[in-house]
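In order, the protein sequence lines correspond to chains A and B.
Mapping of the first sequence onto the working numbering: position 43 corresponds to residue 43, and the numbering continues sequentially without gaps.
For any residue, its number in the working numbering is found by taking its place in the second sequence, counting from 1, and adding 173.
Simulated from the structure, these hints should not be mistaken for laboratory data.
Remember, predicted model here, so these are calculated numbers, not experimental data.
Just so you know, even glycine gets a beta-carbon here, dropped at the ideal spot from N, CA and C.
Incorrect hints may appear among the rest.
Facing chain B, according to a computed beta carbon distance under 8 angstroms, are these residues of chain A, among others [as the list claims (entries may be wrong)]: (1) Arg41; (2) Pro73; (3) Phe145; (4) Pro147; (5) Arg153; (6) Gly159; (7) Gln167.
One side only, chain B facing chain A, incomplete, derived with CB under 10 angstroms [said to hold, decoys possible]: (8) Gly188; (9) Ile193; (10) Glu200; (11) Ala212; (12) Asn213; (13) Ala217; (14) Glu220; (15) Glu314; (16) Gly355; (17) Glu356; (18) Gly488; (19) Arg489; (20) Val490; (21) Ile491; (22) His492; (23) Pro493.
Sample of chain A residues with no beta-carbon within 12 angstroms of chain B, all distances over it, derived [as the list claims (entries may be wrong)]: (24) Asp16; (25) Gly71; (26) Cys100; (27) Thr116; (28) Gln144.
So you can see what is in the structure, the chains are spelled out below.
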Amino acid sequence: MTERFDFEGNAWVLGDNIALDGELMELKYALARETDPEILRHQIFRGLDPTLAERIRPGDIVVTGRRFAHGNPHIQGLIGLRGAGVGLVCESIHSGSFRCAINAGLPFLPRCPGVTALVKPGDRLRVDFATGALQNVTRGERHQFDPLPAELRRIVSNGGWLPTFRQRLAQQN
Amino acid sequence: MGQTLAQKILSRIVGRSVEIGEIIMPEAELVTVHDWYAANAARALDEVGVTELFDPARVMFTTDHEPVAVSPHAAERQQRVREIAARLGIGHFFDVGRGGQGHVFPVELGYIRPGMYIAGYDTHVTNFGAVGALGIAVLTEVSELMALGSVWQQVPQTVRINLHGQLPAGISIRDVAQKIIGELDPDLIDDAVVEFAGPGLRHIGIDGRFTLVNTPTELGARSAIVEPDEIVRAYLADRVDGPVELPRSDPDAPFRAVIEWDMALMEPQVAAPPRPDRVVGVSQVSGTRIDHAYIGSCASGMIEDMRETARFLKGRVIHPRVRLFVTPATNRVAAQMAEESLTGIIQASGAVLTPPGCGVCAGGRIGPVAPGEVSIGTGTRNDPGRLGAHDAQLYIASPATVAAAAITGEICDPRGLDPDLQPREAAHD
């Protein structure tokens, strides 16, 4: 399985300090250990705006402020984003959620200082998560951020942790 | 450019000099898994067809989250863990009644040396930093760690905190630890190793160092570590074989930040609901009536914490409305308490002594709170529901502040009840 890294879609711009539990994903899905992307994709951001999950389209880009998805590192919110087919661009992301996003196979740019000032809600964006290039088509501007390290992009392109673990086991045998 | 202590440890593990930010696959020298996750990890291994571990001799199972099974379900889980430990040949299996709290007893028993790299299923595996080892939490991926010996780590940045001065009378190391996580910017700490050093460390023993390295994880630190010194060497002298090395960061190491921190505090510190970093001076919450109190956990269950508890409870009884649970972290702490006659003092006060382990802090499985209650304890976190009922109000403080609240029935400045500060009052009590 190889995930795509080039995205084109509409921007959804969120502020600083979006909580993982309660805002990105209700805690009950973590407690139930739900890991089905098809279920979780319909639950993202319900704590912020119950209509958001159904308005976000595959290929769209979620742009956030600092400390995105802080809190206990429950993977369900990140699986939900991957299930929705979106890419994620953050000014900063909480370290536990960074690891969960890799494990969920979510394309993202973890450290994009000032990016929420460069994008308005609804702007058309092109983001190449392999290179860190962000193009604001609406404004006609290009920006460059650091992509994930190659080793971690490989895990994302495999579809996340479990496929990568299986691949590593197969290589050992 | 020099290297940080964390960089040196990970460089030694992978056999070459590593750079900060680099992705590496370091083989853990010890892998710890607790009683509430061992069966899940084994199930994950079954699902991917793993029947043999990378090195079962390096794996440790601890029984601390629920050391006494009080339900058929828990008894069956313990039975499963025993079967898994035997089937996988787990090298260090600490079953019911053995060891105690798994972030503390491995240090006491000499499993941990300065400069070691340990990975384990629990955010407080950082405790091994008390003796200068690097403990990093590995959650879902712990099954990969068991099967293949490593999972990826990005070589972390380090924030160094140089401690200065010493604890004023009536102020404890827990107050300092709480103040630090209450004050520091979470963005500064996020994903960093917090390294404690500086002249103030001379006044802090290993027990206090457990408390210091336990709390930064609540702010999102990857780990925490004390720069090992002669206190560590003396502590380990009769616990480990051979000479004890004391690896340290180079003076020109690339720290993310260096913070100078004076331990002089005006008053004891309390974390208010609902987060451990919502820290205020005790005077701001004094008078809050409590129903439930707890002393113990991997943050504050060491012998010094038990001595402090007994010092406050000696000759006193706890408030009639309050139930107080006291949990020594380990079997050794419990034995030492008996030897020093602390056990009887605590029991005579009306407190309940529980078996060594995590105590109430592990989800309130032992002695939980009921709906609407107010609790003050020395556990690690105070998220809603952490100790039972979701709407209970949970405060976190030092053993002295918790003991004082248990005696008076409300949160108060413990210095008013401190026998060493108030000899006359203590004599009349």
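Evaluation of the provided hints:
At its closest, the beta carbon of Arg41(A) sits 20 angstroms from a beta carbon of chain B; the interface hint therefore is violated under the 8 angstroms criterion. The closest approach between the C-beta of Pro73(A) and any C-beta of chain B is roughly 6 angstroms, which is under the 8 angstroms cut-off, so the hint is satisfied. With a cut of 8 angstroms, the hint placing Phe145(A) at the interface with chain B is violated, because the nearest CB-to-CB distance is about 15 angstroms. Residue-level restraint check for Pro147(A) is violated (minimum Cβ-Cβ distance to chain B is 13 angstroms; threshold 8 angstroms).
Interface restraint check for Arg153(A): the shortest CB-CB distance to chain B comes to about 10 angstroms, outside 8 angstroms, so the restraint is violated. A distance limit of 8 angstroms between C-beta atoms decides the matter here; for Gly159(A) the minimum to chain B is near 14 angstroms, and the interface restraint is violated. Residue-level restraint check for Gln167(A) is violated (minimum Cβ-Cβ distance to chain B is 11 angstroms; threshold 8 angstroms). Restraint check, Gly188(B) versus chain A: the minimum CB separation of about 18 angstroms is more than 10 angstroms; hint violated.
Taken as an interface hint, Ile193(B) does not check out: its beta carbon lies about 12 angstroms from the nearest beta carbon of chain A, beyond 10 angstroms. At its closest, the beta carbon of Glu200(B) sits 14 angstroms from a beta carbon of chain A; the interface hint therefore is violated under the 10 angstroms criterion. The restraint placing Ala212(B) at the interface with chain A is violated, with a minimum CB-CB distance near 13 angstroms, outside the 10 angstroms limit. The interface hint given for Asn213(B) is met, as the beta carbon of that residue sits about 9 angstroms from the closest beta carbon of chain A, less than 10 angstroms.
A least Cβ separation of about 9 angstroms between Ala217(B) and chain A falls short of the 10 angstroms threshold, and the interface hint therefore holds. Because the smallest distance between the Cβ of Glu220(B) and any Cβ of chain A comes to about 9 angstroms, under 10 angstroms, the interface hint for this residue holds. Taken as an interface hint, Glu314(B) checks out: its beta carbon lies about 6 angstroms from the nearest beta carbon of chain A, inside 10 angstroms. With a least beta-carbon distance of about 16 angstroms to chain A, the hint placing Gly355(B) at the interface is violated under the 10 angstroms criterion.
The beta carbon of Glu356(B) is not positioned within 10 angstroms of any beta carbon in chain A (closest approach about 17 angstroms), and the interface hint is therefore violated. A least Cβ separation of about 42 angstroms between Gly488(B) and chain A goes past the 10 angstroms threshold, and the interface hint is therefore violated. Contact between Arg489(B) and chain A, as hinted, is not supported at the beta carbon level, the nearest pair being about 37 angstroms apart and thus beyond 10 angstroms. Below 10 angstroms, beta-carbon pairs count as interface contacts, and Val490(B) has none with chain A, the closest being about 38 angstroms; its hint is therefore violated.
Against a cut-off of 10 angstroms between C-beta atoms, the interface hint on Ile491(B) is violated, since the closest Cβ of chain A lies about 32 angstroms away. A least Cβ separation of about 33 angstroms between His492(B) and chain A goes past the 10 angstroms threshold, and the interface hint is therefore violated. Look at Pro493(B): its Cβ only gets to about 36 angstroms from chain A, farther than 10 angstroms, so that hint breaks. Remark: the non-interface label on Asp16(A) conflicts with the geometry, its nearest Cβ contact in chain B lying 10 angstroms away (cut-off 12 angstroms).
Listed as outside the interface, Gly71(A) is inconsistent with that label: its C-beta sits roughly 9 angstroms from the nearest C-beta of chain B, within the 12 angstroms cut-off. Once the 12 angstroms rule is applied to beta carbons, Cys100(A) is inconsistent with being away from chain B; the minimum gap is 9 angstroms. No Cβ of chain B approaches the Cβ of Thr116(A) within 12 angstroms, the least distance being about 15 angstroms, so the stated non-interface status holds. Separation of Gln144(A) from chain B is adequate, the least Cβ-Cβ distance of about 18 angstroms exceeding the 12 angstroms criterion.
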